[in-house]
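Undergrad: Sequence:
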Amino acid sequence: MTIPYALILFRFLMVPIIVALAYVMGPNAKIPILIVMYLGLFSDILDGIIARKQNISSEKLRRMDSQVDMLFWLSIGFATWLMYPDLISENAAMIGSIIGLELICYGISLIKFKKETCTHAFLSKIWGLALVMAFTSLIGFQYAGYPFTIAIVIGFISYVDVILILLILPKWAHDIPSSYHAYLIKKGIEIKRNQYLNG
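Residue numbers (this note's numbering): 1 to 199.
Hints are not guaranteed to be accurate.
As the list claims (entries may be wrong) - Below are the SDA-like pairs computed for lysine to any residue, each with C-alpha atoms no more than 20 Å apart in a straight line:
#, residue 1, residue 2
1, Lys-112, His-174
2, Lys-112, Lys-192
3, Lys-192, Leu-123
4, Lys-186, Val-160
5, Lys-112, Ala-130
What the hints assert, rightly or not - Cβ pair distances, simulated, as ranges:
#, residue 1, residue 2, range
6, Phe-141, Ile-49, 12 to 20 Å
7, Glu-90, Lys-186, 40 to 48 Å
8, Glu-190, Ile-31, 42 to 50 Å
9, Ala-20, Tyr-106, 25 to 33 Å
10, Glu-190, Thr-149, 22 to 30 Å
11, Ile-99, Trp-172, 39 to 47 Å
12, Phe-113, Lys-53, 23 to 31 Å
13, Asn-55, Val-153, 19 to 27 Å
14, Ile-150, Phe-42, 18 to 26 Å
15, Glu-190, Ile-126, 21 to 29 Å
No lab work stands behind these hints, which were simulated from the structure alone.
Computed from a predicted structure; not experimentally measured.
Here a beta-carbon is modelled for each residue, glycine too, at the ideal position from N, C-alpha and C.
Construct the complete structure from the given sequences, taking the supplied hints into account.
TA: The following block contains the structure:
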């Protein structure tokens with residue numbers, strides 16, 4: 001097994017562990033869950049970089065990375081709800097809206113291309129970093145506030161960009177930096193994919 005696949009497998013194996021920690025330990029699990037969350041973030045960054053350096057950044061790897069990322073962050077969100085249900089309930093509308101946008105993206109991609117989304121867009125990476133800050137605040141300090149609001153706003157913008165990418169692309173592709181790049185692809189113009197932010 002190559003290092004990128006091992007890093008993806010690590011995040012996948014952490015999914016049930018994250019949920020189990022929150023279920024068994026409750027709020028006492030906040031430190032180990034935060035540690036795992038940051039390890040997951042670093043593994044996500046590294047797997048893409050290493051894959052490109054080893055010239056093994058295939059469609060299969062990118063699709064696997066994308067789906068495991070989704071499961072990983074869903075497990076973090078579910079664990080947060082298990083530990084602090086009231087905190088999540090207070091922000092249920094915004095969280096539900098984000099989940100709805102995720103489902104819309106998947107729906108568009110499956111209907112149009114018969115494949116799941118795998119854009120790894122630049123704004124999605126910013127959204128991922130904003131999620132880390134929001135979950136650090138939620139899990140570590142039981143506080144939503146500005147970190148959560150900022151993450152939600154960035155999330156909305158990111159999902160709109162992904163939806164535009166999916167609507168514009170003439171055929172399924174992975175690692176599309178933005179809707180503008182999708183437009184260039186539609187026009188037959190070759191694009192440069194960012195080598196370091198599409199992890």
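Undergrad: Please flag the earlier hints that this structure goes against, numbers listed from lowest up.
TA: 2, 5, 6, 10, 11, 13
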